[in-house]
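Whenever a hint applies, use it, and build me the whole structure from the sequences.
With positions in the sequence shown counted from 1, the corresponding number in our numbering is that position plus 499.
These are calculated hints, taken from the structure and not from any lab test.
Note that the coordinates shown come from a computational prediction; the quantities given were computed from them, not determined experimentally.
Check each hint, because a few of them may be wrong.
[Said to hold, decoys possible] Calculated pairs, DSS-like style, for lysine-lysine (alpha carbon to alpha carbon, straight line, at most 27 Å):
1) Lys-1183 <-> Lys-1303
2) Lys-918 <-> Lys-801
3) Lys-1176 <-> Lys-933
4) Lys-1269 <-> Lys-1183
5) Lys-1176 <-> Lys-1303
[Said to hold, decoys possible] Pair ranges (Cβ atoms, derived):
6) Asn-846 <-> Lys-572: 43 to 49 Å
7) Asn-952 <-> Gly-868: 17 to 23 Å
8) Val-592 <-> Ala-928: 38 to 44 Å
9) Gly-962 <-> Asn-846: 41 to 47 Å
10) Val-1162 <-> Pro-755: 49 to 55 Å
11) Thr-638 <-> Arg-847: 27 to 33 Å
12) His-537 <-> Asp-584: 36 to 42 Å
13) Thr-748 <-> Val-955: 32 to 38 Å
14) Lys-588 <-> Asn-846: 55 to 61 Å
15) Thr-1270 <-> Arg-976: 40 to 46 Å
Backbone N, C-alpha and C fix where the C-beta goes; we use that ideal spot for every residue, glycine too.
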Amino acid sequence: MKPNHDFKVIIAGGGIAGLTLANMLEKFGLNYTILESHSEIAPAVGASIGLFPNGLRILDQIGCYEQTLDIFKGEDPYRVTYVRDRRGKVLSVQHNLTGELERRHSYGLLFFDRQDLLRILYENLQHKDRVLLRKKFATASVTDEGIRVTCADGSTFDGTILVGADGVHSAVRSSMISLGNKIRPGSFDVNEVDNIPCYYRCSFGIAQHVPNWVKGTQHRVAGRHQAQLVVSGPQDRVYWFLFDKLPQTKYGKDIPNYTKKDEDDFVRENSDVHITEEVTFGQVYSKRLSSTLTPLHEFVLKKWFFDRIVGIGDSVHKPDPTGGQGANGAIESCAELINALLRMKDNRGGTLDGLSGAEAEKVFSEMQGARHERAHLVVDASHRIESILSHENPILSTLVLKYLPLVCDVENDLAQMSKIYIGGTTVKALPVPKRPRAILYRDELPSAPVTKNTSVVGNVLVGGMGLALFVTTRAWRLPLDAVEEWINKAPVTIRWFGENHASKVLNTYVSVLAIPMMDKDPSARLHLVNFLSQLLSPLLIYSIEGHRSGNQGTPLALPSAYSVGMQILGIGRIGPAHAILSSSFTHELPTGRSVPVSVAKSLVPAVTLGYVLPTILALAPVPSFRRWQNLLAFWQFAPPLFNVLTSIFSAGLERWQRGRKSVAEYEEEHRLDRYKKEDVPILKSVYTYAFAVQATAHIATLSYAWMHPGISIAKTFFGLPNPFSPSWNLPDIFAEAATFFRYDMAVAVASFVSNNLYSIWDLRRLGYIKTTEAIKAVAAVIAGQILVGSGATWAGLWYWREEKLAGLEID
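Structure below.
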């Protein structure tokens, strides 16, 4: 090999990965040669390709996005997406998937012929003479100066590095592993390729003009050890994938290669399998333009490189195609390889000429480091989708496919898709065309997301709240016998439900609230006024979180349960429980933040009539003892009444806004309205209202306590006996009741503060705020407990949080 220090990339394979990499290299004036085994660059091999936002964003950078859109000639390719059972019956429906994805990520879903993308990538090249056809890779050898590739026809090519973009049966990968273990024994696990698993086989192909096929539809079909993905395409095409689980998982060399006869047998066995109720697999297959039966390898290799050789795309990471991420992952790997090369170039004074083998390995190591974990994420996610659709676990599949759609919002399905897209990379040295999107990609966030030891904080919260719940089992010692005795002496005579157990229970709850209010010690009544006023925030925020689109289908979507629980179990137990659930189930994407405008508008009037007014009446002096008892009894229903009024008011608003249109018509017209963020200013006014009411009550009660000679602020709020002491020796029922409410408030406030601090951490963990912002917010939460009270502090924090989440977009 003649010494040649000029940098040059040899790319084995002129497929999606190879041509994409060539386009990127051209952007930076880096030399390359593509060695393609086929006789044409865009062969009609009968495959389709699905491009998603993470791949399309990179194609947009290299100038190939608009051409892919032109394939569809302005048509909406996926107006309706269905999930169906094995009989073709609809389980769930998603409307306007393209519009949803474009609004969320700037790019939609595009399914079309792989041949068309190859042609677009090739035509975009400036140096087409560097693409050599009928050049099948055979072997490679490395030296200190570079690498030499020998093709099957005996021709040789010299370069600086070799990139294996030659697919799942990569000859470059085989050569690399053999060479690596020969030069440096132990470089690769010799058994790794033989342990690559195959769980499914797949019939895929392209059909056209299928009878009864509805254009603009996409279908995921669940079955017993089978699943299908069937998608509309341009020019009345239909792209199909029929996945069939193997009786036994095959590995490595035992993975079968299927013949034409195998395919014919497979089609005959499955021709009656339904896609829709009107269309079967056999009917689609009969209109095929091309088809293949193939095994599906699923793997991510431990090591992707050796010396001057590196693999990208399916040669080193291959997901199940049901997730549609194969080509997109290959495009991402190309981008990260370019990023690593350009960093090395900068570190070497602006040149890659004379790149050593050690430097090449550093580049490849950085590329794999940036991609390896994400490649595993994609492979695992794709396998999960396949296993659910194929009913590997029938109970789980039935739950996910049949019942969850009944309670979940469309946001839940979209969020699962979005979590894959937002982690995508870009070519860092190329501008990303500005397009509006509601969700920022991770590399666009204010801060890098925290990925290490994130579970520790959540475990601390759960442990702390678990301890708080345990404390309530020891600290809540209200003697019901003494309460009943007090009822008889008072007497409390509420008989709303007649002479029965229900009235007796109501009398008990009324008495527990009445006892501290009748105490001669004014501190007990003062504490109760402060305590009840601070419950405005948990009521409102539990309701708001319960109506957020991203929380539907989770325990958080049951605000009435928490309101009822507050009255029966006490906020001291509901607060910690809700904090634990929030840490596990709260939505993570900004789009999960949205609340129906009708609900947002209903909150202030509902909470005013349902909680604030009953609380004022219950606490205010009333001349008639009997009327006061009835007011206290009515107050017991105030928290759930707030939820009932919210539902009534919001339903009325929705009916008025809809006018004479049907629910379906109205929803179709306003399907994307949640991205307009019309709820944000309304919610901010709700938080302002809650802050003002609670801060006023807190400041007023503390001011009164400070001026009153008989009240100690410290004793009133913090005079708590040891919960683990066997006896408190309290003098009477009044002291017992006052202590009960002090503990109820203390544990509740601890849960509020913990929830607040965890929410701040969560924003920082996700990269939505900077560390300095998080520190300031923590300081504000701590100071707010004294200055304005726990409820007002929570309302203020949620005002700020709402702004932060709503601001995470590109207009």
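These are the hints, each one checked on the structure:
Taking the CA atoms of Lys-1183 and Lys-1303, the gap is about 12 Å. The hint holds against a cut of 27 Å. Between the alpha carbons of Lys-918 and Lys-801 the distance comes to roughly 24 Å, so the proposed pair stays at or under 27 Å and holds. Taken as a hint, the Lys-1176 and Lys-933 pair is honoured in the structure, with Cα atoms around 21 Å apart against an allowance of 27 Å. Between Lys-1269 and Lys-1183 the alpha-carbon distance is near 22 Å, which keeps this suggested pair within the 27 Å criterion.
Among the hinted pairs, Lys-1176 with Lys-1303 is consistent with the structure: their alpha-carbon atoms are about 13 Å apart, no more than 27 Å. A hinted range of 43 to 49 Å for the beta carbons of Asn-846 and Lys-572 is consistent with their spacing of about 46 Å. Range check, Asn-952 to Gly-868: about 19 Å between beta-carbon atoms, so the 17 to 23 Å window is met. At roughly 42 Å, the beta-carbon separation of Val-592 and Ala-928 lies within the given 38 to 44 Å, and the hint holds.
Restraint check, Gly-962 to Asn-846: a C-beta distance of roughly 45 Å satisfies the suggested window 41 to 47 Å. Val-1162 and Pro-755 have their C-beta atoms about 51 Å apart, which keeps the hinted 49 to 55 Å range intact. A beta carbon spacing of about 29 Å between Thr-638 and Arg-847 agrees with the range 27 to 33 Å that was offered as a hint. For His-537 and Asp-584, the Cβ-Cβ distance of about 40 Å falls inside the hinted range of 36 to 42 Å, so the restraint holds.
Restraint check, Thr-748 to Val-955: a C-beta distance of roughly 36 Å satisfies the suggested window 32 to 38 Å. Range check, Lys-588 to Asn-846: about 59 Å between beta-carbon atoms, so the 55 to 61 Å window is met. Checking the proposed 40 to 46 Å range against Thr-1270 and Arg-976 shows it holds: the Cβ atoms sit about 43 Å from each other.
Checked against the numbered hints listed earlier, the structure breaks none of them; every hint is satisfied.
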